[in-house]
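As you go down the protein sequences, you meet chains A and B in turn.
In my numbering, each number is its position in the first sequence, counted from 1, plus 59.
In my numbering, each number is its position in the second sequence, counted from 1, plus 902.
Don't take every hint at face value.
[Unchecked claim] DEER-style ranges, computed between Cβ atoms: (1) B:Ile920 - A:Cys147: 23 to 31 Å; (2) A:Gly117 - B:Phe923: 24 to 32 Å; (3) B:Asp907 - A:Gly133: 22 to 30 Å.
[Stated by the list, open to error] Think about it this way: if two alpha-carbon atoms lie no more than 30 Å apart in a straight line, the pair counts; the simulated DSS-like pairs of lysine-lysine are: (4) A:Lys139 - B:Lys947; (5) A:Lys139 - B:Lys1004; (6) B:Lys1004 - B:Lys947; (7) B:Lys947 - B:Lys972.
No lab work stands behind these hints: they were computed from the structure.
Heads up, the beta-carbon is just placed ideally off N, CA and C, and yes, glycines get one too.
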Amino acid sequence: MIEVFLVTGMLIATTILICLYRAVFGPGAFNRVAAASVIGTKTVVLVVIVGYIFERPGAFVDIALLYAILNFLGTLIFAKYLERGEVCSA
Amino acid sequence: MFSLDLIVNGVTVALFVIGLFFMFSGAIGFLRFPDFYTRLHATGKCDTLGEILIIVGLIIYDGLSPLSAKLLFLSFFMLLANPAGTHAMMRAAYVTGVRPWKRGEARQ
């Protein structure tokens, strides 16, 4: 069953590489922020799959949970910065 | 003998394949669509669905355990967080005047 996790992890990594093109060549800041958010959500799944590859999923699911929340916050903060030009006005 | 493990592993593999299909389609859509809104339109939905399918596959593989409860919470959180983040970015782009692509225009 571990081969299934390995193949799934590799395929998810290839989708991340596909999205990396937009992160590098994206015409504007918005495309790059979107690429960062998309790669973040894919990394969450990749971390959980790696946890199952190492046969110690308990630790990795917590990391995935934390990263999902952080990625969501990062997306919101980027959106706010791009919209208003500043994040926390004094 | 047609053991239970075979069924569980089979369902998990099937869910992984479907989830990966949606992830690949989202990634290709993110690359090929002409402008920012359509790109985020593609990945906002396909990524969330692909991810939830893979995590539900892991929940089925894992059976009834506190770990699958955490995985269930993770998939539920992603169900809420991804569209909200996509909406925030789309709104930020729209407010700052990123014009949607129209037919016949050059790709952005």
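Hints versus structure:
no. : hint                            : verdict
1   : B:Ile920 - A:Cys147: 23 to 31 Å : violated, 42 Å
2   : A:Gly117 - B:Phe923: 24 to 32 Å : holds, 29 Å
3   : B:Asp907 - A:Gly133: 22 to 30 Å : violated, 40 Å
4   : A:Lys139 - B:Lys947             : holds, 22 Å
5   : A:Lys139 - B:Lys1004            : holds, 26 Å
6   : B:Lys1004 - B:Lys947            : holds, 22 Å
7   : B:Lys947 - B:Lys972             : holds, 22 Å
Of the numbered hints given earlier, the model fails hints 1, 3; all others are met.
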